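Go ahead and model the full structure; you've got the sequences and the hints to work with.
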Amino acid sequence: MVPLDETDRRLLDDFQRDLPLEPRPYAAMARELGLEEAEVIARLAALQDCGAISRIGAVVRPNTAGRSTLAAMAVPADRLEEVGALVAALPEVNHCYEREHRLNLWFVVTAAGAVGVAAALARAAAATGLPVLDLPLEAEYRIDLGFPLRWT
Amino acid sequence: MDEADRRIVAATQDGLPLVPRPYHAVAAAAGLTPEEVMARMHRLLAEGAIRRIGAVPNHYALGYRFNGMAVWEVAEERVDALGARIAALGLSSHCYRRPRHPPDWPYNLFTMVHGRTREEALHWVETIAVVLGEAVRAREVLFSSRILKKTGLRLVG
Chain A
1 MVPLDETDRR LLDDFQRDLP LEPRPYAAMA RELGLEEAEV IARLAALQDC GAISRIGAVV
61 RPNTAGRSTL AAMAVPADRL EEVGALVAAL PEVNHCYERE HRLNLWFVVT AAGAVGVAAA
121 LARAAAATGL PVLDLPLEAE YRIDLGFPLR WT
Chain B
153 MDEADRRIVA ATQDGLPLVP RPYHAVAAAA GLTPEEVMAR MHRLLAEGAI RRIGAVPNHY
213 ALGYRFNGMA VWEVAEERVD ALGARIAALG LSSHCYRRPR HPPDWPYNLF TMVHGRTREE
273 ALHWVETIAV VLGEAVRARE VLFSSRILKK TGLRLVG
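Residue numbers (this note's numbering), protein chains in the order written: chain A, 1 to 152; chain B, 153 to 309.
Simulated from the structure, these hints should not be mistaken for laboratory data.
None of the values given here were measured: they were computed from a predicted structure.
This list has only true hints and no planted wrong ones.
Examples of chain A residues lying across from chain B (beta carbon under 8 Å, computed): (1) Phe15; (2) Leu19; (3) Leu21; (4) Pro23; (5) Ile41; (6) Val59; (7) Ala88; (8) Asn94; (9) His95; (10) Arg99; (11) His101; (12) Leu133.
Don't be surprised by glycine CBs; every beta carbon is placed ideally from N, CA and C.
Put into structure tokens, the structure is as follows:
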């Protein structure tokens with residue numbers, strides 16, 4: 001686990017949302033935290049380098065800028081490496097992971113439109129010879145406050 | 153979203169650059185003025201197309217190594233009300249309705265929980281189970297065991 005100091009935690013706690021929309025957002029964050037702009041930038045870069053944050057950016061509502069779906073496959077244990085590599089290699093697959101279940105390979109397909117999503121699922125099935133379960137989002141329930149991190 | 157909005161999203165999908173004026177860099181990449189980028193992002197936030205702008209934490213690197221996808225079969229007529237209640241608990245990072253594929257996959261409500269231990273993740277699942285109560289007909293928790301690929305939002309084609 002990545003060691004973080006108090007200032008790093010505040011950066012993560014206070015700025016999972018509401019990065020200021022002004023010309024110098026990191027300077028605005030620095031003012032709130034009592035730091036210099038250069039230190040905020042350096043800390044964010046360090047948090048990104050060590051993987052504590054995946055990026056500073058906009059989180060877009062699903063199916064807004066494009067179309068996506070969640071898909072799952074039941075892959076025989078002895079084919080998991082091969083099939084996982086084939087699926088992960090598809091450019092439309094932006095997230096691919098194993099889960100402990102009969103349906104053991106899960107992936108998210110994103111494309112500009114529904115046709116692109118369907119084509120990617122068809123290619124995943126054709127390349128592996130395995131059926132693909134398509135589980136598109138039907139409704140999303142949320143109060144989006146970011147995910148509360150418990151530090152202790 | 154119009155074409156210019158999409159260019160802004162494309163220019164930010166790898167993250168905002170860590171330079172003093174990041175929206176200026178986005179503007180240059182999207183072929184817009186910085187004022188227009190900020191105004192459009194304001195509007196997209198207000199409309200909900202952009203959920204938030206900020207640091208996107210990596211749960212795994214922060215010690216939340218146990219990611220459980222808890223899936224529940226609940227009656228169709230109750231799923232929306234129950235989903236809203238579960239989301240309001242703030243225990244899950246995501247709460248979705250997805251289509252059922254019975255008999256193998258009867259689940260229509262998906263909740264994602266994170267724990268520093270498997271027990272902690274399962275504790276959140278049990279808390280959710282209490283709220284769902286007797287509406288649950290079947291359920292499972294699928295822990296992720298290995299990430300094969302993870303990138304930000306990518307639009308292809």
